[in-house]
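Between the sequences and the hints, there should be enough to build the whole structure, so can you do that?
To convert, count from 1 in the sequence shown and add 332; that's my numbering.
The set of hints was computed from the structure by calculation and includes no laboratory data. Each hint can be trusted.
With a straight-line Cα cutoff of 30 Å, these simulated DSS-like cross-link-like pairs (lysine-lysine) come out:
id: 1; residue 1: Lys513; residue 2: Lys536
id: 2; residue 1: Lys448; residue 2: Lys405
id: 3; residue 1: Lys448; residue 2: Lys435
id: 4; residue 1: Lys466; residue 2: Lys476
id: 5; residue 1: Lys392; residue 2: Lys460
id: 6; residue 1: Lys509; residue 2: Lys558
id: 7; residue 1: Lys523; residue 2: Lys506
id: 8; residue 1: Lys363; residue 2: Lys477
id: 9; residue 1: Lys405; residue 2: Lys457
id: 10; residue 1: Lys494; residue 2: Lys477
id: 11; residue 1: Lys457; residue 2: Lys380
Cβ pair distances, simulated, as ranges:
id: 12; residue 1: Glu436; residue 2: His456; range: 27 to 33 Å
id: 13; residue 1: Gln376; residue 2: Lys523; range: 36 to 42 Å
id: 14; residue 1: Thr359; residue 2: Asn390; range: 42 to 48 Å
id: 15; residue 1: Lys448; residue 2: Ile366; range: 47 to 53 Å
id: 16; residue 1: Gln373; residue 2: Asp552; range: 51 to 57 Å
id: 17; residue 1: Asn391; residue 2: Glu436; range: 25 to 31 Å
id: 18; residue 1: Glu544; residue 2: Gln376; range: 52 to 58 Å
id: 19; residue 1: Arg449; residue 2: Asn474; range: 34 to 40 Å
id: 20; residue 1: Asn474; residue 2: Lys380; range: 17 to 23 Å
id: 21; residue 1: Ser355; residue 2: Glu563; range: 33 to 39 Å
id: 22; residue 1: Arg367; residue 2: Val452; range: 39 to 45 Å
id: 23; residue 1: Ala502; residue 2: Gln551; range: 33 to 39 Å
id: 24; residue 1: His456; residue 2: Arg367; range: 30 to 36 Å
id: 25; residue 1: Thr359; residue 2: Glu544; range: 36 to 42 Å
The C-beta atom is built at its ideal place from N, Cα and C for all residues, glycine as well.
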Amino acid sequence: MDRLKALWEYQAAENELEQLERSLKNTETRKKLIRQQQLFQSNQQHLKQLEQESVLANNKMMEISAQADALKKQMEQKDSEITEIADYDLEDLFLEDVREIIKECESIKSAIEMNKRKLVDIMHKLEKSETDIKETLVKMSNAKKAFDQLKAEHAKELDAGKGDLEKLRANVAKASKAVEKDLMEKYKEIKQHRPNPVAFFKNKRCQGCNMELPSEVLQDLKAGTKIVQCENCGRILYAVEE
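This is the structure:
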């Protein structure tokens with residue numbers, strides 16, 4: 333029974349330490365710190381997306397500009413053809429040829445106008461993207477400043493609790509020395525799946541899962557010859573005298 337008492341005291345010391353560690357990790361300052369970190373990362377991802385869109389828009393603008401240059405050359409060629417036939421006698425011209433030249437000129441002109449509209453649209457998108465990038469950079473800068481400030485505040489909170497943490501860690505280390513090796517191994521194995529691996533056995537029930545167990549369990553516990561575990565939750569049972 334003494335070996336189980338030592339394990340129970342170890343669990344109590346460990347729980348006290350873990351509770352303080354959780355309280356230091358879950359302060360309002362740390363919650364705000366995490367939110368600022370998430371905000372910064374979100375803006376960082378948004379900035380990356382904006383920059384990618386800006387690169388694609390610039391590439392598209394270069395592509396359209398190249399098309400516009402090609403259309404300009406085609407139009408110049410047609411102008412040259414029109415100038416050339418301007419000196420011809422009407423009798424020497426074929427009406428279908430003239431119509432074809434006019435049709436080609438109109439098609440080129442239409443394509444040039446469409447390219448102009450596309451360029452204007454892309455320029456507007458680039459201007460908006462540039463504005464969004466500047467705004468996002470400002471948000472990132474503000475988030476970083478807030479993060480650094482909160483980080484400093486949280487560091488002070490951790491520093492304030494440092495003494496208590498060291499004291500409780502020393503208590504855990506001291507309590508662990510009184511626990512037998514095989515019992516500690518079993519404790520750690522159970523803790524991977526269950527909180528508080530040691531549970532009281534009281535009123536014929538495991539206080540960990542509230543399952544009623546056979547009366548033989550108490551007899552085995554009193555005998556103290558083996559580790560007795562709850563057949564339902566697997567916790568190590570520790571009997572409390574009525």
